[in-house]
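*Asks:* One-letter residues, chain by chain:
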Amino acid sequence: MASIEAEVRQYVVETLLFGRKEVELGGDTSFLESGIIDSTGVLELIQFLEEKFQVRVEDEDLIPANLDSVNALTRFVENRYVTSERTGS
Amino acid sequence: MREEGNRFSADSLKLDAAAEVERISASIRDGVFTQLRRKGLVIGLSGGIDSSTVAALAVHALGADRVIGIFMPESDSSDDSLRLGQLLAKKLGIRTFKEDISGILKGAECYRRRDEAIKEVVPKYHAGYKSKLVLSSLDSSEFRISYVVVQSPEGVQTKVRLTADAFLALVAATNFKQRTRKMMEYYYADRHLYAVAGTPNRLEYDQGFFVKNGDGAADVKPIAHLYKIQVYQLAAYLGVPDEILMRPPTTDTYSLEQSQEEFYFSLPYDKMDMCLFGKNHGLAPSDIAPAVGLSDQQVVRVYKDIDAKRQAARYLHASPLLVEKVSEM
Chain P
308 MASIEAEVRQ
318 YVVETLLFGR
328 KEVELGGDTS
338 FLESGIIDST
348 GVLELIQFLE
358 EKFQVRVEDE
368 DLIPANLDSV
378 NALTRFVENR
388 YVTSERTGS
Chain E
54 MREEGNRFSA
64 DSLKLDAAAE
74 VERISASIRD
84 GVFTQLRRKG
94 LVIGLSGGID
104 SSTVAALAVH
114 ALGADRVIGI
124 FMPESDSSDD
134 SLRLGQLLAK
144 KLGIRTFKED
154 ISGILKGAEC
164 YRRRDEAIKE
174 VVPKYHAGYK
184 SKLVLSSLDS
194 SEFRISYVVV
204 QSPEGVQTKV
214 RLTADAFLAL
224 VAATNFKQRT
234 RKMMEYYYAD
244 RHLYAVAGTP
254 NRLEYDQGFF
264 VKNGDGAADV
274 KPIAHLYKIQ
284 VYQLAAYLGV
294 PDEILMRPPT
304 TDTYSLEQSQ
314 EEFYFSLPYD
324 KMDMCLFGKN
334 HGLAPSDIAP
344 AVGLSDQQVV
354 RVYKDIDAKR
364 QAARYLHASP
374 LLVEKVSEM
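So the sequence lines, in the order shown, correspond to chains P and E. Note that our numbering has the first sequence beginning at 308, numbered continuously upward. Note that our numbering has the second sequence beginning at 54, numbered continuously upward.
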């Protein structure tokens, strides 16, 4: 099974970078700073997270610390998994 | 541009109205008669400040008998749009035509497609509801998120975050309105051998607040270089009726009353204007923050948002891409 980081990266490359593998995408590359995400892209990203990982993304989660890079997204999903496992939700 | 010493204020954007009107008029005459070889200008009149100013400028440049105004209400339009448009046309003495575009929009299933998009996120929504699209506030997140606000027949409002699918479906459906209006403007332009005037101001042109091949399409755009504050200044100089000058800017696209700031800019136009002007003139956020009434940090966010919108607007401004230049044209 692919890691969360690999699945997130694959989604970002395929959806936000339109499959252009030649574009360098570091783990901490800011989507906002590098201009690879716009307001529609954010909505697509939320939909991906909710459908792929079954996590609920609340409005207060919509901050760069959670969503602005591959590493941030990976941490966000991992934290949600841990939280949901602990609470049983 | 006037400066009050070195201190930035809204007055910094003010221009010499008389000189600017003459400069724009000369450009319109050259553009319409010499470059485009058309007999006059067609303008869609919404009763708003931009189309009213463009119509007044066109009359100043070409004469009232070479300007045609088109009213294009539809089911969701405010009654004020038609009334104020007619008020302006009467004052300017121009020919007008009224085309209710609701039938065309129904034929294209604009309303049904819009309603289905909203139902994706608000299952109880039905045709008796009113709706509008709004953007998250500048303070809530650096990510700008779209929401739909629906109002039940009983007047209860609900705000729901859109999914990507619902957002795209909603925008695609409502864009029929701007494109239908432009189609109608070009009908009248072809019919009379006129050109079509577009009405974006600088904020809208720069930030991509228009529909590609909808209100973004035109042969001339006489106020695309003017900040909105300057548009108001010229409107007052040209005698645009006070009621139009006082009307809050609206998109007039959704059935619920919707300001431009909640739909797109997240700040009132005068503050957006000052921020855009400041950014364009290399002013630091701290230089303009006091005059705009924002914190330095908020201006930093606005500057970033301006850059993000410019990037998104590139597609809207792009001409069709060719594999190679056709040198004969």
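These are calculated hints, taken from the structure and not from any lab test. Please note: incorrect hints may appear among the correct ones.
[Unchecked claim] DEER-style ranges, computed between Cβ atoms:
1) E:S372 with P:D366: 33 to 41 Å
2) P:E312 with E:L89: 49 to 57 Å
3) E:P343 with P:E365: 45 to 53 Å
4) E:M299 with P:N378: 44 to 52 Å
5) P:E357 with E:H278: 38 to 46 Å
6) P:L324 with E:Q210: 44 to 52 Å
7) E:G116 with P:V330: 40 to 48 Å
Positions of the beta carbon are idealized from the N, C-alpha and C atoms, including for glycine.
*Asks:* Given the hint of 40 to 48 Å, is the C-beta distance from G116 of chain E to V330 of chain P inside that range or not?
*Replies:* 54 Å Cβ-Cβ, so the 40 to 48 Å window is violated.
*Asks:* In this structure, is the beta-carbon distance linking E312 of chain P and L89 of chain E contained in 49 to 57 Å?
*Replies:* holds (56 Å)
*Asks:* The hint says 33 to 41 Å between S372 of chain E and D366 of chain P; measuring C-beta to C-beta, is that right?
*Replies:* 38 Å Cβ-Cβ, so the 33 to 41 Å window holds.
*Asks:* Given the hint of 45 to 53 Å, is the C-beta distance from P343 of chain E to E365 of chain P inside that range or not?
*Replies:* Taking Cβ atoms as reference, P343 of chain E and E365 of chain P lie about 35 Å apart, which means the hint is violated.
*Asks:* If you check the beta carbons of M299 of chain E and N378 of chain P, does the distance land in 44 to 52 Å?
*Replies:* About 51 Å separates the Cβ atoms of M299 of chain E and N378 of chain P, which means 44 to 52 Å holds.
*Asks:* Starting from the hint 44 to 52 Å, judge whether the C-beta atoms of L324 of chain P and Q210 of chain E obey it.
*Replies:* violated (38 Å)
*Asks:* Note whether the CB distance of E357 of chain P and H278 of chain E lies within 38 to 46 Å or breaks it.
*Replies:* holds (43 Å)
Going through the hint list in order, the structure does not satisfy hints 3, 6, 7.
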